[in-house]
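J.: Read off the chains here:
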Amino acid sequence: KQEVTQIPAALSVPEGENLVLNCSFTDSAIYNLQWFRQDPGKGLTSLLLIQSSQREQTSGRLNASLDKSSGRSTLYIAASQPGDSATYLCAVYSQAGTALIFGKGTTLSVSS
Amino acid sequence: DAGITQSPRYKITETGRQVTLMCHQTWSHSYMFWYRQDLGHGLRLIYYSAAADITDKGEVPDGYVVSRSKTENFPLTLESATRSQTSVYFCASSSWGDEQYFGPGTRLTVT
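Chains C and Z, in that order, give the protein sequences. Heads up: the first sequence begins at 1 in the working numbering, then just goes up one per residue. Heads up: the second sequence begins at 1 in the working numbering, then just goes up one per residue.
Calculated from the structure, these hints are not laboratory results. Quick reminder that beta carbons are idealized off the backbone N, C-alpha and C, glycines included. Treat the hints with care, since some could be wrong.
Stated by the list, open to error - Pulled a few chain C residues facing chain Z out of the computed Cβ check, cut under 7 angstroms:
1) L44
2) S46
3) I50
4) F102
5) K104
Said to hold, decoys possible - Below, simulated DSS-like cross-link-like pairs (lysine-lysine); rule was C-alpha separation at most 30 angstroms, straight line:
6) Z/K57 <-> C/K42
7) Z/K11 <-> Z/K70
8) C/K42 <-> C/K104
9) C/K1 <-> Z/K11
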């Protein structure tokens, strides 16, 4: 059974710092991986989708990488801002299924 | 407006009552999903649908019923609500294997 783990569960950084959020999954046979952002009391906003054939995707200050062989993905946030404060969720599509399997998220707090 | 909407956004109901949560998407995505989000468990799949009239169970389907007579709608019914079904419910849609887009959620409280 696919399991997705995100470490750390919470992270606090000062504004301007570059940071990395980690995601690991137990079964490397994934179809793709998606990173989301969730603000308190809100829905999920898709940030990046990485197809299994890709190594990374970039959107603005965000860069997500994927290493299927090691079962890992990272989300790099450059020059963090207080507006980046939110919970970041990693989710994978397994090849056998059609629904996402989620990690429990990393809650990021960026202080000004 | 294009997107995915859920209604109601907030609902309080009593144990034993039937409750239906609505989900509507305007992208004509073939796949639609229902998840619940609980502290300590994260997001878990309840049911999903690959097309109209095709549905399948997810990780936590007990106590829920779904239907999909039209591509754009995917209602979720709690046949007899229990306190353990107090949660935030999210609907999502996508093309197969593609980026999933989530609705704003329905916060359900069962008293």
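J.: What's the verdict on Z/K11 and Z/K70, does the C-alpha distance respect the 30 angstroms limit or exceed it?
T.: holds, 24 angstroms
J.: Starting from C/K42, check that the Cα of C/K104 is at most 30 angstroms away, please.
T.: Satisfied, since the Cα-Cα distance of roughly 16 angstroms is no more than 30 angstroms.
J.: Under the criterion of a CB-CB separation shorter than 7 angstroms, is C/I50 in contact with chain Z as hinted?
T.: Hint on C/I50: violated, closest Cβ of chain Z at ~10 angstroms, above 7 angstroms.
J.: Is the Cα-Cα distance between C/K1 and Z/K11 30 angstroms or less?
T.: violated, 33 angstroms
J.: Can you confirm whether the C-alpha distance between Z/K57 and C/K42 stays at or below 30 angstroms?
T.: With a Cα-Cα distance of about 25 angstroms, the restraint between Z/K57 and C/K42 holds, given a limit of 30 angstroms.
J.: Go through the hint on C/K104 and say holds or violated, using the shortest Cβ distance to chain Z against 7 angstroms.
T.: Holds: closest Cβ of chain Z sits about 4 angstroms from C/K104, inside 7 angstroms.
J.: So, as I understand it, the hint says C/L44 touches chain Z; can you test that by seeing if any CB pair is closer than 7 angstroms?
T.: It holds, given that the least Cβ distance between C/L44 and chain Z is near 4 angstroms, below 7 angstroms.
J.: Hint C/F102 vs chain Z: min CB-CB distance below 7 angstroms?
T.: Holds: closest Cβ of chain Z sits about 4 angstroms from C/F102, inside 7 angstroms.
J.: Just to be careful: measuring from the Cβ of C/S46 to every Cβ in chain Z, is the smallest value less than 7 angstroms?
T.: For C/S46, the interface hint holds, since the closest Cβ of chain Z sits about 5 angstroms away, which is under 7 angstroms.
Hints 3 and 9 from the earlier list are contradicted by this structure; the remaining hints agree with it.
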